[in-house]
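Novice: What follows is each chain in one-letter form.
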Amino acid sequence: MSFAFTEDQQLLAESADRFLADKYDFDARKAIRRGEDGWSREMWAAFAELGWLALPLPEEHGGLGGSTVDLAVLMERFGRHLVVEPFLATVVLGAEAIARAGSDEQKAAILPAVAEGGVRLAFGVNEPRARFDLHRVATTAAREGGGWTLSGHKAVVLHADAADRLILAARTAGAEDDRDGITLFLVDPQADGVTLRPYPTVDGLRGAEVLLDGVSVSEADVVGGVGAGLPVIEAVVDRAMVLLSAESVGAMAETVRLTTEYLKTRVQFGQPLSSFQVLQHRLVEMLQAKEFAHALCYRAAGAMDTTEGVERARAAAGIKAETGRAGKMIGQESIQLHGGMGMTDEMAVGHYFKRMTMIDTQFGNAAHHLRRFATLA
Amino acid sequence: MELVLSPEDEAFRQEVRAFLKEKLPPDLANQSATGLRLGKDDHVRWQKILYEKGWVAANWPVEHGGTGWTAMQKHIFEDECAAAGAPPLIPFGLLMVAPVIMAFGNQAQKDRYLPRILRSDDWWCQGYSEPGSGSDLASLRTKAVRDGDHYVVNGQKTWTTLAQHADMMFTLVRTSDTGKRQEGISFLLIDMRSPGVTVQPITTMDGSQEINSVFLDDVRVPVENRIGEEGKGWTYAKYLLGHERTGIAGTGRSKAQLKRLKEIARTEMSGGQPLIEDPDFAQRIAQLELDLLSLESLVLRVLYAEKAGKGPGPEASFLKIKGTEVQQMLTELMMEAVGPYAMPFQPETFRDPQWNEEPAGPDYAAPLASVYFNWRKASIYGGSNEIQRNIIAKAVLGL
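So the protein sequences, as listed, match chains A and B. When the letters of the first sequence are read in order and numbered with this note's numbering, they come out as residues 767 to 1143. When the letters of the second sequence are read in order and numbered with this note's numbering, they come out as residues 11 to 409.
Mixed in with the good hints, there may be bad ones.
[Stated by the list, open to error] Partner residues are not named here, just some residues of chain B that face chain A (Cβ under 10 Å, in silico):
#, residue
1, D131
2, P141
3, W169
4, I221
5, D362
6, Q364
7, F383
8, N384
9, S394
[Unchecked claim] Below, in silico cross-link-like pairs of lysine to any residue (SDA-like), each with a Cα-Cα straight-line distance of 20 Å or less:
#, chain 1, residue 1, chain 2, residue 2
10, A, K1094, B, E335
11, B, K153, A, Q1034
12, A, K789, A, D803
13, B, K190, A, G1036
In short, the hints are calculated from the structure, not lab data. Fair warning: this is a prediction, and the values are worked out from it, not measured in the lab. Every residue, glycine too, gets a C-beta built ideally from N, C-alpha and C.
Please model the complete structure; the sequences and the hints are all you need to start from.
Specialist: The following block contains the structure:
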């Protein structure tokens, strides 16, 4: 693997920095969140225009065939600006599942439309009692005629209320915690028997509980092999965890920057807070945690495209544990060093803290993945 | 490691328990423990019940309507109230300004304010911090200029907790710009209904509104509202900060929260077994419990020293640091316990008592992330934990 960014990656970074600095500052984000959808359709169209939605998709389906590292470069920028659009749900999770396991018809119908910005996806693999275990699936899919009937409850499905198609995990065979017998289905959120209970999330995104009560889907809506869903889910989620980590690393960088700036301008006892050595050292600890997480993150991103199975899983678990720990430390310290101002909604720093905290809980927190890192060896 | 109580103290505990069982309104019980926000009326209702019983002022001397309890009795009372889910006392009147009025106020001030504090007739708030004066409180700039038998006050106070409910604010103001900064500060009691007082809420990152900016524009405050001497306000404030810190350990509440954390960890599943059986999580709870036990042990030691006639010394700073760290870790573990269900933001489910729709996820999960973010304040307020370390370095280590 390479430890230097390619020219293309540097260009992508620069153009993303430029676009987001211009269009996605803290006030713009605030206005977007207050809008009807909680994210911006205009911004989504711009992302399509910039080629960001096509970035990782296969070239034969309207994509740019980008690598996980390319995508991490973009996600890091999204982290710096706390982008709230359904990029993770649509591109990183949903489109990746289709690209990996979908039929030719599914790919042709969905991927070019995702790249153009016309179709959004959501990926529902959580369940209320499963906590962070991807194989614990109680939602059932029973054969009925030429198709399937789905019943159950998918929990905290990110951006489900923005999605044109849902990709959901259901059990077609076996007991609740069997690794075999899990199948992915494409589900129309408007179909009979689908109920969405949407809500904003603590960190300014959107999520929903997806309730399924006898939802009919056809055989053509099965994504990948019947009963063979888990390896697909694990591959998609491993990569998504690395990319969430890249987003978190971007948020860390911005948090450290904001906190450093604040300490330079905040005067107490007749001098800027940044002149106190005890506070300088704490800033250095934060910066250091960010640097190490950044380095490990891009190594893990490289591993997503070059390894499979246990090796890939261990790389993903490792970076997720590392960013969970670093994000918590940096977030908590940034608030403490800001003092009362850090507690206020008007300061950006609290919003970064909330996003980093919620990234830790998505797909398993630091403790969960540290244990996996230990046992996967 | 339960405390071994003397027969007298055990009898007292039973008496407190019986009282709480009989008098604590069920709608208030556990409301605060489960994260549902309490309103002004809830607090006042409970404090008036305690007043009726003669138990609202555990820290006051008997002559002013206090209980005359021993240190251990006070501790037992706090413990039992927290365990029963009673609303916490609003500290600004009972625990903060009242001791200052008793120690430094004149007879007229004692007669006027103390009975009203005792009956919860007035809601007090604390006007200390300013936008430019946080940790460096002595740099405060709110100015009080003498005009006949009034002071004319101009300036801005900030982080003023629950000022939106307040009738009165005790305030540090600058009455002189010459000499040492600390010697130009006076302690004024300001009627919040005075013309020129404006309260503006500050939304915190968890979405709640409990702190405020208080703007003071040409507010006329009678000179008779000054506590003690002009220019001695800093001395009185330091006296008060000592009082604030012993209460800030909050061991009773933390013990109740620890119990709740364990209940949540017993209910939540991880890897097919209750989370509380997860070795990592169990260890973190155990460490937290040990921290809480050592905290409580030091609290009791300080309370006994106080009984022996020693005021709360610099060791109170240890209690503030450890007490707030324990409170914050409790909120952190509770949030972690619910996994992905920390994410939905549904403030109406825990802020609006009339709300009866089910939240996404288990009902205890909805407020946990907000509570976690909200409690980051604890290591900042009441003299930040960095300032507490400065105090210890100076006063204990002699550095």
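Novice: If a hint holds in the structure, say so; if it doesn't, say that too.
Specialist: We went through each hint and held it up to the structure:
With its C-beta approaching chain A no nearer than about 30 Å, D131(B) sits outside the 10 Å limit, and its interface hint is violated. About 9 Å separates the beta-carbon of P141(B) from the nearest beta-carbon of chain A, less than 10 Å, and the hint is met. With a cut of 10 Å, the hint placing W169(B) at the interface with chain A holds, because the nearest CB-to-CB distance is about 5 Å. A hinted interface residue such as I221(B) counts as satisfied when its beta carbon comes closer than 10 Å to some beta carbon of chain A; here the least separation is about 8 Å, so the hint holds.
A cut of 10 Å between beta carbons decides the hint on D362(B): the least distance to chain A is about 15 Å, and the hint is violated. Checking Q364(B) against chain A: minimum C-beta separation of about 19 Å lies over 10 Å; hint violated. Because the smallest distance between the Cβ of F383(B) and any Cβ of chain A comes to about 7 Å, under 10 Å, the interface hint for this residue holds. Checking N384(B) against chain A: minimum C-beta separation of about 8 Å stays under 10 Å; hint holds.
Restraint check, S394(B) versus chain A: the minimum CB separation of about 6 Å is within 10 Å; hint holds. As the CA atoms of K1094(A) and E335(B) are separated by approximately 15 Å, the hinted pair is consistent with the 20 Å bound. About 19 Å separates the Cα atoms of K153(B) and Q1034(A), which keeps this hinted pair within 20 Å; it holds. Proximity of K789(A) to D803(A) is assessed by CA-CA distance (about 18 Å); at most 20 Å being required, the pair is judged to hold.
Under the criterion of a C-alpha separation no larger than 20 Å, the hint pairing K190(B) with G1036(A) is consistent with the structure, at around 14 Å.
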